[in-house]
Amino acid sequence: MTDSVQIVYFCTQGGLMKKRIEDLTVIENRRLAESFFLIKVSSPGGLPEINPGQFVQALVTESPATFLRRPLSVHDVDRNMNTISLLVQIAGPGTERLSRLNPGEKLNLVYPLGNSFTLPSEGEKVLLTGGGCGMAPLLYLGRKISESGVQPHFALGFRNRSRILGHDEFKTLGPVHLSTEDGSEGHRGFVTDIPAFRDEKWDRIYCCGPEPMMKAVAAACIRRGIFCEVSLENLMACGLGICLCCVVPTTSGNLCSCTDGPVFNVNDLKWQTSG
Amino acid sequence: MTDSVQIVYFCTQGGLMKKRIEDLTVIENRRLAESFFLIKVSSPGGLPEINPGQFVQALVTESPATFLRRPLSVHDVDRNMNTISLLVQIAGPGTERLSRLNPGEKLNLVYPLGNSFTLPSEGEKVLLTGGGCGMAPLLYLGRKISESGVQPHFALGFRNRSRILGHDEFKTLGPVHLSTEDGSEGHRGFVTDIPAFRDEKWDRIYCCGPEPMMKAVAAACIRRGIFCEVSLENLMACGLGICLCCVVPTTSGNLCSCTDGPVFNVNDLKWQTSG
Amino acid sequence: MADLRIKIGPLEFRNPVILASGTCGYGAELEDFMDLSELGGIIVKGTTLEPREGNPYPRMAETPSGMLNAVGLQNKGIDYFEKNIYPHLAEYDTHVIVNVNGNTIEDYVELSRRLDELKAIPAIELNISCPNVKKGGMIFGTNPASAREVISAVRKVYHKTLIVKLSPNVTDITEFARISEEEGAEAVSLVNTLLGMAIDARTMRPKLSTITGGLSGPAIKPVALRMVWQVARAVRIPVIGLGGIMNAEDAIEFILAGATAVQVGTVSFIDPGAGTSIVKGIEKYLVEKEFDSVSRITGLINRN
Amino acid sequence: MADLRIKIGPLEFRNPVILASGTCGYGAELEDFMDLSELGGIIVKGTTLEPREGNPYPRMAETPSGMLNAVGLQNKGIDYFEKNIYPHLAEYDTHVIVNVNGNTIEDYVELSRRLDELKAIPAIELNISCPNVKKGGMIFGTNPASAREVISAVRKVYHKTLIVKLSPNVTDITEFARISEEEGAEAVSLVNTLLGMAIDARTMRPKLSTITGGLSGPAIKPVALRMVWQVARAVRIPVIGLGGIMNAEDAIEFILAGATAVQVGTVSFIDPGAGTSIVKGIEKYLVEKEFDSVSRITGLINRN
Ligand SMILES: Cc1cc2nc3c(=O)[nH]c(=O)nc-3n(C[C@H](O)[C@H](O)[C@H](O)COP(=O)(O)OP(=O)(O)OC[C@H]3O[C@@H](n4cnc5c(N)ncnc54)[C@H](O)[C@@H]3O)c2cc1C
Ligand SMILES: Cc1cc2nc3c(=O)[nH]c(=O)nc-3n(C[C@H](O)[C@H](O)[C@H](O)COP(=O)(O)OP(=O)(O)OC[C@H]3O[C@@H](n4cnc5c(N)ncnc54)[C@H](O)[C@@H]3O)c2cc1C
Ligand SMILES: Cc1cc2nc3c(=O)[nH]c(=O)nc-3n(C[C@H](O)[C@H](O)[C@H](O)COP(=O)(O)O)c2cc1C
Ligand SMILES: Cc1cc2nc3c(=O)[nH]c(=O)nc-3n(C[C@H](O)[C@H](O)[C@H](O)COP(=O)(O)O)c2cc1C
Ligand code: FES
Ligand code: FES
Numbered sequence: 001m002t003d004s005v006q007i008v009y010f011c012t013q014g015g016l017m018k019k020r021i022e023d024l025t026v027i028e029n030r031r032l033a034e035s036f037f038l039i040k041v042s043s044p045g046g047l048p049e050i051n052p053g054q055f056v057q058a059l060v061t062e063s064p065a066t067f068l069r070r071p072l073s074v075h076d077v078d079r080n081m082n083t084i085s086l087l088v089q090i091a092g093p094g095t096e097r098l099s100r101l102n103p104g105e106k107l108n109l110v111y112p113l114g115n116s117f118t119l120p121s122e123g124e125k126v127l128l129t130g131g132g133c134g135m136a137p138l139l140y141l142g143r144k145i146s147e148s149g150v151q152p153h154f155a156l157g158f159r160n161r162s163r164i165l166g167h168d169e170f171k172t173l174g175p176v177h178l179s180t181e182d183g184s185e186g187h188r189g190f191v192t193d194i195p196a197f198r199d200e201k202w203d204r205i206y207c208c209g210p211e212p213m214m215k216a217v218a219a220a221c222i223r224r225g226i227f228c229e230v231s232l233e234n235l236m237a238c239g240l241g242i243c244l245c246c247v248v249p250t251t252s253g254n255l256c257s258c259t260d261g262p263v264f265n266v267n268d269l270k271w272q273t274s275g
Numbered sequence: 001m002t003d004s005v006q007i008v009y010f011c012t013q014g015g016l017m018k019k020r021i022e023d024l025t026v027i028e029n030r031r032l033a034e035s036f037f038l039i040k041v042s043s044p045g046g047l048p049e050i051n052p053g054q055f056v057q058a059l060v061t062e063s064p065a066t067f068l069r070r071p072l073s074v075h076d077v078d079r080n081m082n083t084i085s086l087l088v089q090i091a092g093p094g095t096e097r098l099s100r101l102n103p104g105e106k107l108n109l110v111y112p113l114g115n116s117f118t119l120p121s122e123g124e125k126v127l128l129t130g131g132g133c134g135m136a137p138l139l140y141l142g143r144k145i146s147e148s149g150v151q152p153h154f155a156l157g158f159r160n161r162s163r164i165l166g167h168d169e170f171k172t173l174g175p176v177h178l179s180t181e182d183g184s185e186g187h188r189g190f191v192t193d194i195p196a197f198r199d200e201k202w203d204r205i206y207c208c209g210p211e212p213m214m215k216a217v218a219a220a221c222i223r224r225g226i227f228c229e230v231s232l233e234n235l236m237a238c239g240l241g242i243c244l245c246c247v248v249p250t251t252s253g254n255l256c257s258c259t260d261g262p263v264f265n266v267n268d269l270k271w272q273t274s275g
Numbered sequence: 001m002a003d004l005r006i007k008i009g010p011l012e013f014r015n016p017v018i019l020a021s022g023t024c025g026y027g028a029e030l031e032d033f034m035d036l037s038e039l040g041g042i043i044v045k046g047t048t049l050e051p052r053e054g055n056p057y058p059r060m061a062e063t064p065s066g067m068l069n070a071v072g073l074q075n076k077g078i079d080y081f082e083k084n085i086y087p088h089l090a091e092y093d094t095h096v097i098v099n100v101n102g103n104t105i106e107d108y109v110e111l112s113r114r115l116d117e118l119k120a121i122p123a124i125e126l127n128i129s130c131p132n133v134k135k136g137g138m139i140f141g142t143n144p145a146s147a148r149e150v151i152s153a154v155r156k157v158y159h160k161t162l163i164v165k166l167s168p169n170v171t172d173i174t175e176f177a178r179i180s181e182e183e184g185a186e187a188v189s190l191v192n193t194l195l196g197m198a199i200d201a202r203t204m205r206p207k208l209s210t211i212t213g214g215l216s217g218p219a220i221k222p223v224a225l226r227m228v229w230q231v232a233r234a235v236r237i238p239v240i241g242l243g244g245i246m247n248a249e250d251a252i253e254f255i256l257a258g259a260t261a262v263q264v265g266t267v268s269f270i271d272p273g274a275g276t277s278i279v280k281g282i283e284k285y286l287v288e289k290e291f292d293s294v295s296r297i298t299g300l301i302n303r304n
Numbered sequence: 001m002a003d004l005r006i007k008i009g010p011l012e013f014r015n016p017v018i019l020a021s022g023t024c025g026y027g028a029e030l031e032d033f034m035d036l037s038e039l040g041g042i043i044v045k046g047t048t049l050e051p052r053e054g055n056p057y058p059r060m061a062e063t064p065s066g067m068l069n070a071v072g073l074q075n076k077g078i079d080y081f082e083k084n085i086y087p088h089l090a091e092y093d094t095h096v097i098v099n100v101n102g103n104t105i106e107d108y109v110e111l112s113r114r115l116d117e118l119k120a121i122p123a124i125e126l127n128i129s130c131p132n133v134k135k136g137g138m139i140f141g142t143n144p145a146s147a148r149e150v151i152s153a154v155r156k157v158y159h160k161t162l163i164v165k166l167s168p169n170v171t172d173i174t175e176f177a178r179i180s181e182e183e184g185a186e187a188v189s190l191v192n193t194l195l196g197m198a199i200d201a202r203t204m205r206p207k208l209s210t211i212t213g214g215l216s217g218p219a220i221k222p223v224a225l226r227m228v229w230q231v232a233r234a235v236r237i238p239v240i241g242l243g244g245i246m247n248a249e250d251a252i253e254f255i256l257a258g259a260t261a262v263q264v265g266t267v268s269f270i271d272p273g274a275g276t277s278i279v280k281g282i283e284k285y286l287v288e289k290e291f292d293s294v295s296r297i298t299g300l301i302n303r304n
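Residue numbers (the working numbering), protein chains in the order written: chain G, 1 to 275; chain R, 1 to 275; chain U, 1 to 304; chain C, 1 to 304.
Quick caveat, the hints were computed from the structure, so don't treat them as lab data. Bear in mind the structure is a predicted one, so any value in this text is a computation, not a measurement. Hints may be right or wrong, so weigh each one.
Keeping only pairs whose Cα atoms sit at most 25 Å apart, straight-line, the calculated DMTMM-like set for lysine to aspartate or glutamate is [what the hints assert, rightly or not]:
1) K106(R) to E147(R)
2) K215(R) to D35(U)
3) K215(G) to E53(C)
4) K119(C) to D200(C)
5) K18(G) to E96(G)
6) K18(G) to E91(C)
7) K106(R) to D200(U)
8) K280(C) to E169(G)
9) K270(R) to E53(U)
10) K18(G) to D172(C)
11) K76(C) to D116(C)
12) K106(R) to E105(G)
13) K215(R) to E149(U)
14) K18(G) to D200(C)
15) K83(C) to D3(C)
16) K144(G) to E169(G)
17) K215(G) to D200(C)
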């Protein structure tokens, strides 16, 4: 049998890393805000290499309404503790069940999945922007960028003050700018209204958040000629490139956001212009 | 609208008591033996009248494999504490989930359902016989018989010593005779081999247990002309007399074991002779 | 407050929620859990001319998100019904509809004729889709010519509201809906159960005495919804949608797909008060979405 | 140890477990989770003559114990397949079968002819049952005359093992199985997905871009099992059963109902190593029940 690494059909990057299915142990499950939870799980055998932007497919047990796995971004990785953190927002029965996981319980994951963000080169000025559970992949991305010697800046958007998630971890990596739609904290408006976003000269902007936010960020970046990668949250069945349900129209046709993505350069996406 | 009490189609006795759907609170969940659990639930609004032999339909949540409710006999009722006890044997995913209920959790029941055992008259000599989770309805029946001034005797059969359930509660009501199939405790063989069963003169015998046991007991009673009631555990969908799935062939045609039963006089059952 | 009233032929219903035949007995069995007068109507047990004992036990098997049944139309026959059951039903303050079954066209006709005379029964549901009987039943519902024949024959003797209950076990359900419309039915109801089967790997035997049975519950909802959508676009008579409805949201999906009314079946086994909860849930939804009547959302997905 | 080998036409399979088309990519995507050489075979993605982009997003909706898909045969076409994918597949130590799709009979014939020449593809699965394409697909699978025509035409040009994949969206699936047998197919596989639909009550819109889609997963198992049982009694060629198989027990139920082999589909999305676990589970069952080969239990429920 040939080595699977050589075989590339749809998946351009996601297929390159060995995936596994594993029962991890819940170490901690902490409520961060309203409907947001931070779940830390540890791998019994030690973690594989995980790149920023990759995700896991979590098996939700004891939830009759949840048939398929649920895709969740890798929020953080702690190699010393062998843990992965997930930032979960309750959206329905599946995430609700995950929010009730107790320390000691098992969480079965298929991971690591998907491609990853392109890291910046030395000396570049980079902004990581997102909102809500779109913040999830940005912490690990920020950490990796920081480790590579580049200082990440963050621009995080929220509905209002009560929905703001703790971002102390982000602050340890770089400056954090906030916006709220009602102005109850930080700048009033969307992330794209934050002066730092608007006025400073960025070499790269990374974005993950609700689709309207990503489209607005993408449009701004295209206008200003800034390199921009977004992480999509298309509905997924398999997360492995076998069901072809998660497609996104790109300049090279329909691509799977689970293997060709979830990270896409906005120039490749068909929605770049409509944003 | 007419009073439902007047309307009798299939249900001869079960339809007479007002049924309710209610969230009860788990007070206690204790492992009795191997796969047997005693679950005590309390009714927030106070219990309705419940007769011995009646059952509940328990809603099993968080168990994707369990679509329908699960019928369980009323094992005991404590009017002072407002609690019902259920004796549950793990048979599959539904009962497994019930065995993991924690104190404080809710258990939704539709109850009280079904008809009930006929209580003996003063001075009669009665034997309550069963095995495994078939013991469930016998405790409450024994209690009611005892309260009516008749002393119940018990004959309980088990596979072997390790499967014997605690029966201290039974002992407070009357003499208890045991049998095990391998003779590791009590009489070797089946309940029908217990000398007290075989040799004494009983006015009434009540039985609940595996079908072969009930058929053997029924056959013996018919031969000896003893009044005998058995409690059937036919597969049920509704427990309310509306699906007609739980039927048992009787001398008056197919009857619902959820409303015309679960208690039947063996003379009315078509299997009386094949036992 | 939203206006929940709907009309099927000449008949006005208080709201679009009706209890499905074979899953609500004669109504009385559920009275401890809800007030039947808060429902659009109830369709009582499948009824035949002669009394029937139904199929042998076991008649039921649980399946993923559903169940199979093989009851086989156990009922006491029309004479007993008329004498002992009907008088009680006649006092209900909701539409009581009888589900009509037979082995032959003559059976259907004779039973319908008898029911035409019962004042308090404003409608019948012609069941040409029961998968659990050897003769009659689904045969009429899966063969267009037989379907036409039986509907036409019943229409001649039945003068009130005639609903035809269609089988989902066909290649093109719209064909049967069109035939029902052409033959003068006031409405079609769909779906009856999907023909299914379950095997016990441990005992290596089928779980039902009849080997195959009818699948109901949420498992069949996507298929039922698709068929309701197809039929609602194919005929002008009202469509009564059912199959796997567990709550108001499910019911609303059927209405959005084009159903004028819905029936709730298997859910009553799990939540015996589901019927009236669903009525309340539909009303709440309409109020929240600011629709003043349920008819505003009927078939909405086809309108934009 | 039990003998798991089975035969479909001239082709011997190591065991009766095959990955279903459209749910295992080209196999490589699942290699991290199992050793493909431990499987009976794999049926790669639905393939067409020309490249196809499939249907617009959204293509998926979760349903009770199942899912709807509306992929619509996205694939890169036979030229790309032959040049870029086939060379890798040729090295697999398991039977690699291609699922063949077309708009017209000519499409099917041409594609089959091309595949006949590919040495390492020992069999094709003629998909006359895809519910997610406007032309072709299910039309051939729901019309007996069209089914006969396309099978007969393909049979003339395809000389290896021909499997016909049947649609469950028909009144009588045995009719299509008989036609397949008469036209010389070595086997039939069933079922493809049931045509279904989902609506989002919140947005009041269908959940799929195509409105309707194909239902798969445990929800359909009772229907699939029933059809496999019916077909196994109707034809003498082997039946490959699928639809909702999640574990070895499910697979065994299909075998007991008469399936010579089984396919596992949707389960791979949830448990990407399910294929080989099921092989092991079947073996364990046979050993426990003291059967020396899987063929001893094929169709067992019909034997006693
Ligand atoms: C690559 C990827 C990474 C993700 N990372 C995270 C993360 O780190 N943290 C997090 O909280 N969530 C994340 N999500 C979203 C998460 O997967 C969904 O919220 C979750 O699947 C919802 O499941 P549920 O059963 O709770 O709700 P459901 O009942 O399944 O859905 C509730 C509502 O959310 C919508 N919905 C569900 N899934 C999605 C989706 N993928 N995209 C858009 N709408 C959806 C449904 O249509 C429905 O309206 C990610 C999704 C993807 C594809
Ligand atoms: C009136 C009545 C009273 C009952 N009282 C009790 C009780 O007090 N305590 C108790 O532990 N159990 C009792 N049972 C049995 C109990 O309902 C079943 O064990 C339970 O439904 C199994 O559910 P499950 O999901 O755990 O297993 P499932 O996976 O549903 O079943 C596991 C196995 O048990 C068999 N099974 C399931 N239900 C029944 C049944 N009703 N009769 C025979 N076989 C069955 C199945 O066929 C299967 O082989 C009673 C049943 C009835 C009808
Ligand atoms: C136990 C049972 C008995 C049924 N009996 C009848 C019947 O007598 N006549 C009929 O037309 N439908 C009968 N049905 C079908 C239901 O009315 C309904 O069409 C079907 O169950 C699908 O709806 P649901 O999924 O909401 O249950 C029966 C269904 C069940 C589950
Ligand atoms: C996402 C998806 C894509 C599919 N694509 C194909 C296909 O290309 N060709 C085909 O014959 N069947 C296809 N099928 C149907 C499956 O092969 C199978 O027949 C069906 O899903 C039922 O089996 P299951 O319940 O085990 O999944 C597809 C199914 C799914 C879920
Ligand atoms: S979710 Fe991307 S291909 Fe299945
Ligand atoms: S369980 Fe007895 S009638 Fe439904």
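Checked hints:
1. Of the pairs offered as hints, the one joining K106(R) and E147(R) is violated, with about 31 Å between alpha carbons and a cut-off of 25 Å exceeded.
2. For the proposed pair K215(R) and D35(U), the alpha carbon gap of about 42 Å is over 25 Å, so the pair is violated.
3. Taking the CA atoms of K215(G) and E53(C), the gap is near 23 Å; set against the 25 Å cutoff, the hint holds.
4. Taking the CA atoms of K119(C) and D200(C), the gap is near 47 Å; set against the 25 Å cutoff, the hint is violated.
5. Proximity of K18(G) to E96(G) is assessed by CA-CA distance (about 30 Å); at most 25 Å being required, the pair is judged violated.
6. At roughly 20 Å between alpha-carbon atoms, K18(G) and E91(C) fall within 25 Å of each other, so this suggested pair holds.
7. The straight-line distance between the Cα atoms of K106(R) and D200(U) is roughly 32 Å, outside the 25 Å bound, and the hint therefore fails.
8. Restraint check: the Cα-Cα separation between K280(C) and E169(G) comes to about 46 Å, which exceeds 25 Å; the hinted pair is violated.
9. Only pairs whose Cα atoms come within 25 Å are accepted, and K270(R) paired with E53(U) is accepted, the gap being roughly 14 Å.
10. Taking the CA atoms of K18(G) and D172(C), the gap is about 45 Å. The hint is violated against a cut of 25 Å.
11. As the CA atoms of K76(C) and D116(C) are separated by approximately 19 Å, the hinted pair is consistent with the 25 Å bound.
12. A threshold of 25 Å between alpha carbons decides the hint, and for K106(R) with E105(G) the separation of about 21 Å falls inside it, so the pair holds.
13. Of the supplied pair hints, the one linking K215(R) and E149(U) is violated, its CA atoms being roughly 50 Å apart against a limit of 25 Å.
14. For the proposed pair K18(G) and D200(C), the alpha carbon gap of about 36 Å is over 25 Å, so the pair is violated.
15. At most 25 Å may separate the alpha-carbon atoms for a hinted pair to count; K83(C) and D3(C) exceed this at roughly 37 Å.
16. Proposed proximity of K144(G) and E169(G) is supported: the alpha carbons are some 13 Å apart, at most 25 Å.
17. As the CA atoms of K215(G) and D200(C) are separated by approximately 24 Å, the hinted pair is consistent with the 25 Å bound.
The structure fails hints 1, 2, 4, 5, 7, 8, 10, 13, 14 and 15 (numbered hints given earlier, in ascending order).
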